[in-house]
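Read top to bottom, the protein sequences are chains A and B. Reminder that position 5 of the first sequence reads as 5 in this note's numbering, one-by-one numbering, no gaps. Reminder that position 128 of the second sequence reads as 128 in this note's numbering, one-by-one numbering, no gaps.
Since the hints were derived computationally from the structure, they do not count as laboratory data. Incorrect hints may have been included.
[Said to hold, decoys possible] Just a few of them, taken from the derived set where beta-carbon distance is under 10 angstroms, the chain A residues facing chain B: (1) Thr-39; (2) Asn-41; (3) Asp-162; (4) Val-166; (5) Asp-169; (6) Ala-184; (7) Lys-200; (8) Ile-204; (9) His-206.
[As the list claims (entries may be wrong)] Straight line, CA to CA, 27 angstroms or less: simulated DSS-like cross-link-like pairs of lysine-lysine: (10) A:Lys-200 <-> A:Lys-23; (11) B:Lys-185 <-> A:Lys-110; (12) B:Lys-134 <-> A:Lys-111; (13) A:Lys-134 <-> B:Lys-200; (14) A:Lys-187 <-> B:Lys-23; (15) A:Lys-111 <-> A:Lys-200; (16) A:Lys-200 <-> B:Lys-134; (17) B:Lys-185 <-> A:Lys-111; (18) A:Lys-185 <-> B:Lys-200; (19) A:Lys-185 <-> B:Lys-95; (20) A:Lys-200 <-> A:Lys-22.
Keep in mind that this is a model prediction, so the values were computed, not measured. Backbone N, C-alpha and C define an ideal beta-carbon position, used for all residues, glycine too.
Chain by chain, the residues:
2 protein chains.
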Amino acid sequence: MDKGILVVISGFSGAGKGTVIKKLLSESDEYCLSVSMTTRNPRPGEVDGKDYFFVTREKFEQTIAEGGLIEHAQFVGNYYGTPRAYVEQKINEGKNVILEIEIQGAMNIKKLYPESVLLFITPPTGEELERRLKGRGTETEDVIAGRLSRASEESEGIGEYDYIVVNDDLDKCVTDVMETIRSAKRKPERQMDFIEELRKGLEIYHR
Amino acid sequence: MDKGILVVISGFSGAGKGTVIKKLLSESDEYCLSVSMTTRNPRPGEVDGKDYFFVTREKFEQTIAEGGLIEHAQFVGNYYGTPRAYVEQKINEGKNVILEIEIQGAMNIKKLYPESVLLFITPPTGEELERRLKGRGTETEDVIAGRLSRASEESEGIGEYDYIVVNDDLDKCVTDVMETIRSAKRKPERQMDFIEELRKGLEIYHR
């Protein structure tokens, strides 16, 4: 079976990444979401192994020491990280594993996994980003201004991604992500087994 | 308008390249075929500027001297070549220009146009290639054996292509080619204008 791809998805806050990922997961069983490890307590309804791997601080630090996390960070006194074993197992099972992560983390992933595919999801324009952030109606003007300012900074790093996917229409964006990942699988470096088989099958004709 | 892509298509003799290209052209007006220049005489029904640019030997050699051909070769005493001006004009008009060419020529194109996209079209197996070549019923056993032997040699170069597209089902193969080219357009190096616009649009929010 072909190995899956580690799909890193980034995008400005308000770009609609979460919605795109949710729809992608519901439409195709070729994708799964990376499950993070954390030391924070489960909230009501959260399931261990599905929402997060909930572990003790001791276990988390042991996992770091063993090189068991692809990346990790601390946030409000708790650890969050991406378990290597889970990601690698799913990829070996042929699943494309989605990792939603910000730019700096994405660049670190690319160094560790050069065969990963980095997607940056963006609204068509800055104005549209502002419109979406305001449309949520859940954040103060100041928080929105902060997100837009951050987007301006983040836009400097877009060129480092493998692909830019515009999220104008949700369905089209999900289709675009899927076809981009299917295309990435057609690169020869991901088709080594197929090429080897093809060569072997043609060898008998050589004269 | 976004520039088109120079799409180089290669594949074993018998892989079905010609059929794939014909269907691609009939299904999408985003593609056009590169028209070759030749010194051979037009056959009945062939149209100058559509099937070929028919020119004199003198004109052909002048075009070579002026650097007006991307590549050229001699075959049975006649020149054949790919006019640079035609290809560049169509790409600037936003068309994806298809160039059907063998492996060595494809590698030369990649050196001259690093932004071209090289597709290798192959049947799923060597056996299937043999079946297709025999199924044509137009060639002697010896010619078929020669083509299969050549395919075995050519299979060594497949890894140099950007993408490998398996032609098992014609419709799927055409779809795969189209989505591969659409994906290639999502690379940041082809989205410089979009990125520039997006950055400018976000700059006003920076604080």
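Hints and how they fare:
1. Thr-39: violated (34 angstroms)
2. Asn-41: It is violated, given that the least Cβ distance between A:Asn-41 and chain B is near 36 angstroms, above 10 angstroms.
3. Asp-162: holds (7 angstroms)
4. Val-166: holds (8 angstroms)
5. Asp-169: violated (15 angstroms)
6. Ala-184: holds (8 angstroms)
7. Lys-200: Status holds, d = 8 angstroms.
8. Ile-204: At 7 angstroms from the nearest chain B Cβ, A:Ile-204 passes the 10 angstroms test, so the hint holds.
9. His-206: Status holds, d = 4 angstroms.
10. A:Lys-200 <-> A:Lys-23: violated (41 angstroms)
11. B:Lys-185 <-> A:Lys-110: At roughly 21 angstroms apart (the allowed maximum being 27 angstroms), A:Lys-110 and B:Lys-185 satisfy the hint.
12. B:Lys-134 <-> A:Lys-111: violated (48 angstroms)
13. A:Lys-134 <-> B:Lys-200: holds (20 angstroms)
14. A:Lys-187 <-> B:Lys-23: holds (23 angstroms)
15. A:Lys-111 <-> A:Lys-200: violated (33 angstroms)
16. A:Lys-200 <-> B:Lys-134: holds (20 angstroms)
17. B:Lys-185 <-> A:Lys-111: OK: B:Lys-185 and A:Lys-111 at ~24 angstroms, within 27 angstroms.
18. A:Lys-185 <-> B:Lys-200: The hint is violated at about 34 angstroms.
19. A:Lys-185 <-> B:Lys-95: holds (25 angstroms)
20. A:Lys-200 <-> A:Lys-22: violated (42 angstroms)
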